[in-house]
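Undergrad: If you want the building blocks of each chain, they are given just below.
There are 2 protein chains.
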Amino acid sequence: MAANSNLDLLQEMQAVANAVDSQFDLLLAVPEDPRAVLFKAMRHAAIGGGKRLRPLLVIATSRLFNVDQVSAIKAATAVEALHVYSLVHDDLPCMDDDDLRRGKPTAHVAFGEAEAVLAGDALHALAFDLLSDESTHPDPFVRTEMVSCLAQAAGPSGMAGGQMMDLVAENETFDLQTVTRLQQLKTGALIAACVEIGAILGKVPSEGRTGLRGYAHDLGLAFQIADDILDVEGDEERAGKALHKDEEAGKQTFLSLMGLERAREQAKMLVEQAQSHLSSYGDEADMLREIAAFTVERDR
Amino acid sequence: MAANSNLDLLQEMQAVANAVDSQFDLLLAVPEDPRAVLFKAMRHAAIGGGKRLRPLLVIATSRLFNVDQVSAIKAATAVEALHVYSLVHDDLPCMDDDDLRRGKPTAHVAFGEAEAVLAGDALHALAFDLLSDESTHPDPFVRTEMVSCLAQAAGPSGMAGGQMMDLVAENETFDLQTVTRLQQLKTGALIAACVEIGAILGKVPSEGRTGLRGYAHDLGLAFQIADDILDVEGDEERAGKALHKDEEAGKQTFLSLMGLERAREQAKMLVEQAQSHLSSYGDEADMLREIAAFTVERDR
Numbered sequence: 398m399a400a401n402s403n404l405d406l407l408q409e410m411q412a413v414a415n416a417v418d419s420q421f422d423l424l425l426a427v428p429e430d431p432r433a434v435l436f437k438a439m440r441h442a443a444i445g446g447g448k449r450l451r452p453l454l455v456i457a458t459s460r461l462f463n464v465d466q467v468s469a470i471k472a473a474t475a476v477e478a479l480h481v482y483s484l485v486h487d488d489l490p491c492m493d494d495d496d497l498r499r500g501k502p503t504a505h506v507a508f509g510e511a512e513a514v515l516a517g518d519a520l521h522a523l524a525f526d527l528l529s530d531e532s533t534h535p536d537p538f539v540r541t542e543m544v545s546c547l548a549q550a551a552g553p554s555g556m557a558g559g560q561m562m563d564l565v566a567e568n569e570t571f572d573l574q575t576v577t578r579l580q581q582l583k584t585g586a587l588i589a590a591c592v593e594i595g596a597i598l599g600k601v602p603s604e605g606r607t608g609l610r611g612y613a614h615d616l617g618l619a620f621q622i623a624d625d626i627l628d629v630e631g632d633e634e635r636a637g638k639a640l641h642k643d644e645e646a647g648k649q650t651f652l653s654l655m656g657l658e659r660a661r662e663q664a665k666m667l668v669e670q671a672q673s674h675l676s677s678y679g680d681e682a683d684m685l686r687e688i689a690a691f692t693v694e695r696d697r
Numbered sequence: 398m399a400a401n402s403n404l405d406l407l408q409e410m411q412a413v414a415n416a417v418d419s420q421f422d423l424l425l426a427v428p429e430d431p432r433a434v435l436f437k438a439m440r441h442a443a444i445g446g447g448k449r450l451r452p453l454l455v456i457a458t459s460r461l462f463n464v465d466q467v468s469a470i471k472a473a474t475a476v477e478a479l480h481v482y483s484l485v486h487d488d489l490p491c492m493d494d495d496d497l498r499r500g501k502p503t504a505h506v507a508f509g510e511a512e513a514v515l516a517g518d519a520l521h522a523l524a525f526d527l528l529s530d531e532s533t534h535p536d537p538f539v540r541t542e543m544v545s546c547l548a549q550a551a552g553p554s555g556m557a558g559g560q561m562m563d564l565v566a567e568n569e570t571f572d573l574q575t576v577t578r579l580q581q582l583k584t585g586a587l588i589a590a591c592v593e594i595g596a597i598l599g600k601v602p603s604e605g606r607t608g609l610r611g612y613a614h615d616l617g618l619a620f621q622i623a624d625d626i627l628d629v630e631g632d633e634e635r636a637g638k639a640l641h642k643d644e645e646a647g648k649q650t651f652l653s654l655m656g657l658e659r660a661r662e663q664a665k666m667l668v669e670q671a672q673s674h675l676s677s678y679g680d681e682a683d684m685l686r687e688i689a690a691f692t693v694e695r696d697r
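Residue numbers (my numbering), protein chains in the order written: chain A, 398 to 697; chain B, 398 to 697.
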């Protein structure tokens, strides 16, 4: 990628981050009643910070099909709400027990544990409220397909299942195949759902999404390998969260199983493979291509 | 109500409970991989026990409009999945810290805290997965309307908001108006959603649901007053959960604010009022009428 187009991606990311923040700001106006703390905790977790990679994927994919960008931003915000809920719950003392997230105290540190559980739950529901809302897309079939896609990515055969495997990983030694499966559920399923939702918004029939699915699958794995590398080599301040957690917990990762050099090579190979799945698209898929490159070049 | 028709209701409740259990049994087949514990925790929380009042309301309402009963059972199971998730999270040590639920150890006691958080999260997602699934209803508009209705009942202006108010109630003294608002969010919103979803399945337009909404509103309040009375006067073994919790936490309830006699009268009045909202329906609404009577006559 030329340095020039890379700059465009960073601008694009900033624009998406701002748009998502604006949506959350509107959706989460703090009421003057005893629920105020809940809304404040939701805002704390949802607004500001994060790469907003998932919303970006929804939007970049939707642009392949000239989707109305108001629809895309709303669907992207729903996906981010779901992602943020999962971060809030994963950070809980009974889970990964993290104090820092996106450079801020985690929700339970800032608001209390019960409040964090509830803020996560409320963001979880908000995601489906948004996707099913008429203002997000006029076609009920599009809305219900997006809901179905996201619900599956979140459930026991998606994110929740992956997080369960991650808990088990603290006490069992997983092989590469099992770690791959864990990561496909824990992070891959939602990344795939973002691309899928972009295509659903574009009314692409399921059989027309094969290339995009291949792209999302390889991107998800590349992203996770890069994450494992950053967990070992990254800078905590830049990352805005605690690192070296997997190592300390004695969990097997792509890095521990493959070694640094092979992991790097594998990530690069996956990025190229992800991009090759987009060969039937022209310039309009450049943003998706750049996102793939970015996932392994990023420093946070 | 004649003793005879009351017997029918108990039979109906048992049939609904069995149908919902069968659905959960099919949906939550335990996989032979590290996610097994998650599915076991979900099954523990979802299968067996409980009055299944919410699924019963979906089914009883759907029968007013000759809805296909396979659709009704699936939607009813989705609503129960959402209700069960909320129980699992409400029982957590950081929330109400309960050890007993539906006569069994709570999910976090039986499986661990992290597992309980995840089982709740996974049941939350499952509810929306079910409602948006084509096999639940062929019409995408019906599916997306049900999702929207349930998501709002679950979110910060529904159940999650009510539970937040309940946390605040431990440290603040609420008046009757605020307790009413708390309960409308915490339990009323989901009860209203059950009736609404029954009507959505029947393709009743929003403006045709006024009577049913009135019924659900009054039923929800009657249910909560009866719950507050049972919390003081009920039998723990019969209830299958710890009682006297509100009293111990120093929370204001309908009972503490109105006194036992007035609370009983109020509950009875609300039941009659709920039933009066059904005056435009004939015998086909008898089950809804009996459910209303049951909510205040029950001993658990």
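FYI, nobody ran anything at the bench for these hints, they're computed from the structure.
Since the model is a prediction, treat every value here as computed from it, not as a measurement.
Be aware that one or more of the hints could be misleading.
[Stated by the list, open to error] Distance condition first, Cα-Cα at most 25 Å in a straight line; then the derived DMTMM-like pairs of lysine to aspartate or glutamate:
1. A/Lys437 / B/Asp494
2. A/Lys648 / B/Glu510
3. A/Lys501 / A/Glu662
4. B/Lys437 / A/Asp572
5. B/Lys642 / A/Asp430
6. B/Lys600 / A/Glu634
7. B/Lys437 / B/Asp405
[Claimed, not checked] Here are a few chain A residues that sit away from chain B, every Cβ distance over 12 Å (derived from the structure):
8. Glu409
9. Asp563
10. His614
11. Ser676
Ideal Cβ positions, reconstructed from N, Cα and C, are used throughout, including at glycine.
Undergrad: All hints, please: hold or fail.
TA: Right, here's what the structure says about each hint:
no. : hint                : in the structure
1   : A/Lys437 / B/Asp494 : holds (24 Å)
2   : A/Lys648 / B/Glu510 : holds (20 Å)
3   : A/Lys501 / A/Glu662 : violated (33 Å)
4   : B/Lys437 / A/Asp572 : holds (24 Å)
5   : B/Lys642 / A/Asp430 : holds (24 Å)
6   : B/Lys600 / A/Glu634 : violated (54 Å)
7   : B/Lys437 / B/Asp405 : violated (33 Å)
8   : Glu409              : holds (29 Å)
9   : Asp563              : violated (9 Å)
10  : His614              : holds (19 Å)
11  : Ser676              : holds (32 Å)
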